[in-house]
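Chemist: Spelled out from the first residue to the last, the chains are:
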Amino acid sequence: MSVFSPRSADGGPIIDFDPVSCCLEIEGLSLAYGETPALRELTLRVPRHRVTAFIGPSGCGKSTLLRALNRLHDLNDEVHLSGRIRLEGQDIHAPEMEVAELRRRVGMVFQAPNPFPMSIYDNVAFGLRLQGGIRKRQLDDVVEWALRSSALWDEVKDRLKSSAWALSGGQQQRLVIARTLAVRPEVLLLDEPASALDPISTLKIEELIRNLKSQLTLVLVTHNMQQAARVSDYTAFLQEGELVEYGTTDTLFTNPRLARTENYITGRMA
Amino acid sequence: MDITSDIHSRHISRQFNQELEELKTHLMAMGGLVEKQIQEAVAALLEGDSELARRVVENDRAVNDMQIKIDEECTQVLARRQPAASDLRLVLAVIRAASDLERIGDEASKIARNAGDLIEGDNGNRGFVEVRMLSEHVRRMVRDALTSFARFDTELALQLVHEDEVVDEEYRSAMRSLMTFMMEDARSISPILSLMWILRALERIGDHANNLAEYVVYLVKGLDIRHTDPEDLDKQAITRKD
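Just so you know, the protein sequences line up as chains A and B, in that order.
Using my numbering, you'd call the opening residue of the first sequence number 1 and step up by one each time.
Using my numbering, you'd call the opening residue of the second sequence number 271 and step up by one each time.
It cannot be assumed that every hint is accurate.
For each label pair, taking beta carbons as the anchor points, the in silico distance ranges come out as [to be verified]: (1) A:GLN226 x B:ILE338: 19 to 29 Å; (2) A:SER162 x B:ASP272: 56 to 66 Å; (3) B:SER283 x A:GLU41: 32 to 42 Å; (4) B:ARG284 x A:GLY12: 50 to 60 Å; (5) B:GLN346 x A:SER168: 27 to 37 Å.
These are computed hints drawn from the structure, not numbers from a lab.
Just so it is clear, CB atoms sit at the ideal spot from N, CA and C, and this is done for glycine as well.
Sequences are here, hints too, so could you generate the full structure?
Modeler: Take a look at the structure:
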């Protein structure tokens, strides 16, 4: 595929870049909730160590797509899924791929911060303890590293034993990110991570997202287009379960190539 | 994607439509005033009307005020609406265009000031043919630039980019003939210098009109053609209707 693929004649999506090194490959992904289709034949590649944002109106399938990336739909019998998702070349639905291991490699953070009812330290250590075989000393190191990576360490280092619920919403969200980071994921999925936060906490999360991309690949779903414009390197615009336009954030927000994209990001009626 | 001139009236927020429409309207009003300034500055010279020349110099303040007002409105839109895509390009194009129109206003005022000196000095009609020709040409360019802005017409804008080369040639040829006058008669040096300043100002107006045309291409196509040799422009990409 060339770097600049021309528009397909059948009105298919415009994808105006081709990641040099790609972390996730989604190929012909369709998903339906019972009879209701949510994603239609989605094909796109998520570049490694970059921030990719999925934007689109409510019900466009962006969260559904995000959840498919770490198989959160597995337990829902209503969901029918076809197509392929590859993580670093490995099919995530292959029999040898364990869901627990997949979810360690592909971490997820949700809209509402959901710390466990335990201390700050125990929250971050939770995943590692679950894996087992780790010494206290090592655990201390990883907890500190994770809290530093999520820019929370300075605020909590003197009260690691106090309850996570005593933290503010923004701190809780960063704690949840630290908990996810502690198991060293390769991908971090963020579903509206800042929509319940005040503007300052939001900026801290955004700063964190920017800093984390040297360590891992980030995929962000957001309703806040300015947020997508601020933090992402690439943006995919979805509508009614279809990929409409996918390109560099720079281009998409200054000169989108399709009227559907233009109308959405500028708030126009179709 | 391509945009058409009615695109800024289709937002869900009507207030936003209005704000963007106002930007365009105010820019056009400023353009109208600037056009009048050029026309009157040149008329003051050709008709020997020193009172008119004085008025043009005075009116430059109104042009400056309009630029400040437009800049303020653009700042408000940027701060409050965080425009994207074609909306963002419109705001940027308006800011840039207002700045070029203000400079055209300065050039018109320069012409009027030099015209005032020439009228007092009784220079005869030397150089008037050249001034008339060049001024008509650049006035048409400014008018066309504003029209292309109002209509989002990249084809017309592209013509202007080439027009500017013709103006530059006319300017050089006018300078040559004025230099001949200077060599023939040393007493004419001072009035001829004033005329040269006027021609220079007209040539600069052509450059600013050319800039305006470039902003239209940016606004409509998202292509930045500044500092590009006109020969190297991808004409198809600029005029193609997507």
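Chemist: Are the hints correct? Go through all of them and say.
Modeler: These are the hints, each one checked on the structure:
| no. | hint | in the structure |
| --- | --- | --- |
| 1 | A:GLN226 x B:ILE338: 19 to 29 Å | holds (28 Å) |
| 2 | A:SER162 x B:ASP272: 56 to 66 Å | holds (58 Å) |
| 3 | B:SER283 x A:GLU41: 32 to 42 Å | holds (34 Å) |
| 4 | B:ARG284 x A:GLY12: 50 to 60 Å | violated (34 Å) |
| 5 | B:GLN346 x A:SER168: 27 to 37 Å | holds (33 Å) |
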